[in-house]
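> Read top to bottom, the protein sequences are chains A, B and C.
So for the first sequence, our numbering puts the first residue at 673; every next one is plus one.
So for the second sequence, our numbering puts the first residue at 7; every next one is plus one.
So for the third sequence, our numbering puts the first residue at 8; every next one is plus one.
Any given hint might turn out to be false.
Listed below are the simulated EDC-like cross-link pairs for lysine to aspartate or glutamate, each with C-alpha atoms no more than 20 Å apart in a straight line [unchecked claim]:
{"id": "1", "chain 1": "B", "residue 1": "Lys300", "chain 2": "A", "residue 2": "Glu701"}
{"id": "2", "chain 1": "A", "residue 1": "Lys811", "chain 2": "C", "residue 2": "Asp315"}
{"id": "3", "chain 1": "B", "residue 1": "Lys434", "chain 2": "A", "residue 2": "Glu745"}
{"id": "4", "chain 1": "C", "residue 1": "Lys225", "chain 2": "B", "residue 2": "Glu357"}
{"id": "5", "chain 1": "C", "residue 1": "Lys121", "chain 2": "C", "residue 2": "Asp315"}
{"id": "6", "chain 1": "C", "residue 1": "Lys163", "chain 2": "B", "residue 2": "Asp466"}
It should be emphasised that the hints constitute simulated quantities derived from the structure, not laboratory data.
This structure is a prediction, so every number in the text was calculated from the model and none was measured.
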Amino acid sequence: MLKIRNGRDFVGGATMILVGLLFIWFGRELEAGNSFQMGPGYFPTMLSLILMALGALIIGQSLVVEAEQDGPETWNWKAYGLVILAPIGFGLVLAGLGLAPTMFFLIVGVASASRYANWRHSILLGLFLAACCVLLFTKLLSLPVSAFGPWVPFVGGLS
Amino acid sequence: MDIFSNLWLGASTAFLPMNLFYGFIGCLLGTAIGVLPGLGPTATIAMLLPITFGLPPESALIMLAGIFYGAQYGGSTTAVLINLPGESSSVVTAIDGYQMARNGRAGAALATAALGSFFAGTVATILLAVAAPPLASVALNFGPAEYFSLMVLGLVASVALASGSLLKAMAMIVFGLLLGTVGTDVESGTPRYVFDVPELYDGLNFVAVSMGIFGICEILRNLENEQERSVGVKRVTGLMLTREDFRRIRWPVLRGTALGSFLGVLPGGGAMLASFASYAMEKRLSPNGAEFGKGAIEGVAAPESANNAGAQTSFIPMLTLGIPGNPVMALMVGAMILQGITPGPNVISDEPDLFWGMIVSMWSGNLMLVILNLPLIGLWVRMLTVPYHLLFPAIIGFCCIGAYSINNSVFDVFVMAGFSVVGFALSKMRFEPAPLLLGFILGPMLEENLRRAMLISQGDPTIFVRSPLSLSLLLVAVVVLGLVLSPSISRKREEAFTE
Amino acid sequence: MNLKRFMTFAAVAAAMGAAGMQPSRADDYPSKTVTVIVPFAAGGNTDTFGRLVAEELDKRLGQRFIVENKPGAGGNIGLGDLARSEPDGYTIGMGTVSSNAINQTLYKSLPYDKEKGFAPISLIASLPNVLVVNPDKIKANNVEELIAFLKAEPGKHTYASSGVGTSIHLAGELLSTKAGVTMTHVPYKGSSQAILDVVAGHVDMMFDNIPTAAQQVKAGKVKALAVTSLEKADLLADVPTMASVIPGFEATSWHGLFAPAGTPPEIVEKLSKEVQAIIADPAMQAKLKAMGVTPEGSTSEEFQVFIDKETAKWAEVIKAANVPLQ
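Whenever a hint applies, use it, and build me the whole structure from the sequences.
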């Protein structure tokens, strides 16, 4: 029985095989054609097969070559969650709230991902960046997004 | 026609106070938008186009050109400081530039980029003045078959970008190529992997993917080890280059310039190839090859010179043939048409002051950029001393707006968020992101040219070896592949023996 | 829109419904900023026309007309946004032969209601295409010789285009069907790379927009055989029309202004009059003609008739040429 000497590479190789399979699965309806008359599916299918082969080789290597010694992995789920969700939240509320409030909430929210975060600093930073962004993007560069969107009472929606 | 009288004519146009002024405005704006992620020169030039209606043609074009190369300078600044390549050409700069910044050498990296770019810009301008028409005919010799072979060579060379496992780098390239197939297939018009999302019909956007996989992903990695480095970088030492640095960058800059000047002439991706082809070449040739990926100054000098030289020579097809090689050039053509000048093969003879004025202004623009950027380095580097817990929210904020501004659509913001997860997962498995991005850029061009060549040859694959140019490119690719594989194979063997 | 204004709007809408008539809002229109959606990237032809017209509307109506680029999916994304926006005249948008006449057939699904469509304001400009051939590859001096040449070697010759389903591609398909010749279509992303490969001789010929192609013709890099408009083009005055050889052959790339369906007719009318006046202005005429563009201008009704005709024509070409639907 082979021993997995490099767990990380083993997972990496398996992921590549999975990616290849996903591309083949979702591209199953694309016409492949042949090497002389290539259809839209030819190139992606070939690439997926190559990727799967490479994945298999990476797995093979992970069984033979010992992993280099690395420091232990640390995980910080709170930070991941906040940093990844922040742009999604930004996208969802931008049209409704407008740039200034969206930016403010984004900054204050995402700043709390850091263990050095401090509410006073975050709020000041949020206000400062919201003001800068409105000035830079809506006034100077006239990006088609208003400073305050229609969800904001009284000032919202005016341009 | 004497070259000196031409340059004199150009200088008398370019050095008019008004033209110098507009050139300066262009460079300033370009640097600013280059630093902001997402907002590229194409969008800025388009927005400024109406303003240029009221200007004389020379001033208008000088300003627009200034934005273009100013953005090239600005783009490398964010690549070095926060690992955020805003332009495809600065992906490579991010590899070693960001490592230099982490070692406290951000100042030196930025100075190298500025000086290398200036040198390259000067050489490329001279080349443009002396040999624009013959170089343009080189561009005409590149048909689909030649482009395909060039892309193959580029992909082979890009394996050398990885500092870790060769197999994993190859997997990343192929993964990138696959991501590049998302969107409408150019040849048949069939949508691929779009899942009925209209925004995906034009494929994934490079800037959104790159911001996710480099910029946001880097923040994720920094935050998980925050206790070790609350500031993100070591103490900043020395803003300027040492004598030793100058000695080290001398040859890389020269070689980068030569490669960039040549590849920049090719419309459709030549300039893009230049930056990483020169990186790959330096990694082979440099005596400090082992340092690449860990903050080698050559790894900044070569691609930055190549990229700027390419940016200058990419004007050649536009000015001499009237055919724009990239979207920015297409906008310049639009600006010229609105000014009543249709760019074409006759521009040199019909509008000599415009033609030579622009060429000389490229050099003066590069000079201005150096003067503008060298003092700014101190300021940029000071930005890194801002505590990281204040810096990273700002970076995320600018990335979000940047992604939004690509198409004025929040879809690209979601793409960015998605790719930050992909990038993060890959980095946990020790896959490197640079080869993935290069595969992503080159993939569509590789496939298009392959299939276009097969269409033109009626399905006859010998088209790739019948053309001497294509054949020699393929042969070089084979040699490079051999060179890349040989040390790793022998290393593998050693490893196997020690076991 | 805030709550108060929403209530007002709802009340007005209810009153309108009850009275079965439209309020006359055209008099005080526009009272705030108007957004002009351009469904293509900044810097292209559509964007240029949109910006030229927006700038003039700005001056004449005293309100800001802001151009907003929403590129993607052959114009469908921007037009989808336009269709979903409030039909009050404060969001209008540009449309072209591709986005408003070809995509209707070419795309299996559109992000808006195909039947409802848009309220056309006015045609702005049209760009004739010109058939150019590489003189080394195609031994023909006129369209008749070209057809004979192509018939002698069916399928052996190639024509370039700026992409599947573009007006440039379909002009080629139109030639194939009308003249009964077979050629290989070689699509590119955008026309500049395509014309470069025709100049270099990698591809034999193409239909291209006049402004860029005219320069290559004048420099002798390619040979112009015919223009695709019904009348000769100013920039290439000695080149005959396609229609003189193949009657009824017309393939122009037109650009116009649209409002969402349901916009009050008075407002559409008002905008249409303004746009027509802007285009009729001699300075604008001169500017457009210098670009090789034919200035148009039309009433809403004329424009609608024109669009219906174009949609039917291209639907037929797409069907005859068997272009795969997207």
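> Would you list, in rising numerical order, the hints stated earlier that this structure does not obey?
1, 2
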